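**Student:** Quick mapping for you: the protein sequence lines, in order, are chains A and B.
Here the working numbering is used: position 279 in the first sequence is 279, and no number is missing along the way.
Basically the working numbering = 1-based index in the second sequence + 1000.
These are computed hints drawn from the structure, not numbers from a lab.
Be aware that one or more of the hints could be misleading.
[As the list claims (entries may be wrong)] Computed cross-link-like contacts, DSS-like style, restricted to lysine-lysine with a CA-CA straight-line distance of at most 27 angstroms:
1) K1367/B to K1200/B
2) K131/A to K1042/B
3) K1200/B to K131/A
On a predicted model such as this, the values are computed, not experimentally measured, just so you know.
2 protein chains.
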Amino acid sequence: MPRTLRSTPLEDGFRMPGEFEPKAGCWLGWPERPDVWRNGGKNAQGVWVDICAAIAKSEPVTVCASAAQYLNARNRLPDEVRVVEMSTNDSWFRDTGCAFVLNDHGDVRGVDWTFNAYGGLNGGLYFPWDKDDLIAQKMLEMENLDRYRSSLIAEMGGIQCDGEGTLLTTEQCLLNENRNAHRGKAWVEEQLRSYLGVEKIIWLPRGCKFDETDGHIDDLACWVAPGELLLHWTDDTTDPQYEIYQEAYKILSNETDARGRALKIHKIMQPAALEWTAEEATGLDSDTGAHRRVAGTKICASYINYYMGNTVVVVPEFDDPMDKPAQALLKRLLPDHQIIGIENAREILLGGGNIACITQPQYAGQKR
Amino acid sequence: MPRTLRSTPLEDGFRMPGEFEPKAGCWLGWPERPDVWRNGGKNAQGVWVDICAAIAKSEPVTVCASAAQYLNARNRLPDEVRVVEMSTNDSWFRDTGCAFVLNDHGDVRGVDWTFNAYGGLNGGLYFPWDKDDLIAQKMLEMENLDRYRSSLIAEMGGIQCDGEGTLLTTEQCLLNENRNAHRGKAWVEEQLRSYLGVEKIIWLPRGCKFDETDGHIDDLACWVAPGELLLHWTDDTTDPQYEIYQEAYKILSNETDARGRALKIHKIMQPAALEWTAEEATGLDSDTGAHRRVAGTKICASYINYYMGNTVVVVPEFDDPMDKPAQALLKRLLPDHQIIGIENAREILLGGGNIACITQPQYAGQKR
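Looking at chain A on its own, in the form it has when it is part of the complex (with noise of 0.2 angstroms):
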């Protein structure tokens, strides 16, 4: 049986599901390189403990750690999550790690999407990136689960699937001429319907001002279940993002799923905002290859970018007011749920992405 099939999800019967369908195990990278994490990545570190024990209480969690990081991840992290080696160039599962796709008779398969660490060499984000474009395929390998490759250049952070055919998504971002844009608007529709398996793609024109990935929706607006979206915001008509969050708004207010339900929209209200200051910027190496960042470098944070696992939420905070009432509505719009603070999360902020950013649920196999 080939590992890497020339067939596509969509011709065998397999779509992406929605974050709120059952996880078999979520998957991280490790967070290592001293031109991205600050101090050479201890702090950002000590997050990832705190998000990986918090999400080992709903399902399993594979991190994957350089051979040079690999005993202190070992040793730091807590004992029932699993720790294996992979190379990598930076840490950010949700745009390198497989996206897994399900079909109706309980398997598994994964899309690996063509990666260039969010721009190539026209305004990415660090160079090289070789080895982040190979986890995908190194993760299912290592699950005896077959693949699916696309030329596409995306990352699943750019895309929100509601796991019953709709997706949304920037076309700042998949459509960017670092990316995508010669390929075409309808080629790029093309790939996404035939690898995620939907059949209605709503675009918005862009993404979040400050975040470095150029626009991704993940900051922006996410399916809580089919049909309902959440959407950052602000009443502020002086903040950068006030018009960005006005035209989502106006867009997915008057859009419909694939399947006719018109989107109920619940608005998150945005933190305040953050920057770099001089006594981070002094913990990075610089000039190594990856996108520099100094003091009073704007940072976009969200609390849409959280991970939604099987009984947990796990929820960036900022020490900002905002964060309690964003918990509220969030236990309110999933009561099930134990909603966890993580109370340090500035720390992958500086690394340029947030919760959402640094995970890759696993979808657990389902019969229909």
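Position chain B relative to chain A; hints supplied.
**Tutor:** Chain B in isolation, oriented as in the chain A frame:
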């Protein structure tokens, strides 16, 4: 549930199976270091591919390759072989991999001996060996299997179990002052009993000459079935191995196994003596941490050092007149197995071992 158990296999009802028992898979490393494997490992890698392809006919094969060699290993090996990343010091998985033990309820666990590269700083074969001592732990963690860790310095190449309570080994290896001499024979026996679930230990004084491991049993004798042994042999009284074979034969002919059976001994005739050529020796990096091998270095070549799969026996060939008689004997003793000869096995010998040394069988769970 703890990953590393504080109890022992004996206490928990686990035992080491015989090599003829059903396997769920086979694990190998990937040869790479240029001071052990001539010509940058390329010759050995070619043989590895042949061996993996042969074993894959019988059970699933996993090859552990370093980050640097991952793509090369993946591309050279057949599709059906699983390749995962793992850092190692060298590629002797019989000795560094975990020994899989079984209970009667279908469970599989692993025994992780302490490893010191065949003698540590007192005659060991390479330095450092820190990564090799982690291989067993990493294998078990990848497979989500529980682990027993013993402070006995041992390699499974130095130990042969019949799966029915009998263990065959050599004093030269386990009681060597560079292994466990200081702990005493009684302590060593207690460790073997506790961690492999055996009742009777048969000690031979020494293994074959020119075996660099300090007399591993797996070049001299092995179980083909409970109560039946293969013993390497020559009738040439001037041969440097002659006395060793005679000595082993005398001991084994007067022994019984744990069940009280007299041992049936099948003599398998050895190939002609081998040694390093000058051309081979020039293919090595020198003085970089590995035991030094030069033109004229004697090589230990044994037909005993094969891999027994569920349906195949993978046997070294040395371009020697005794190759075919050895295979004919194996076919007679194991008529249901396909005997597969590996033509360039000499390349593994140059690294210091043979087919058994590079393979670690993963036994299938058994319900009794």
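**Student:** Give a verdict on every hint.
**Tutor:** Hints, one by one, checked against the model:
no., hint, in the structure
1, K1367/B to K1200/B, "holds, 24 angstroms"
2, K131/A to K1042/B, "holds, 23 angstroms"
3, K1200/B to K131/A, "violated, 50 angstroms"
Comparing the model with each numbered hint stated earlier shows that hint 3 is the single one that does not hold.
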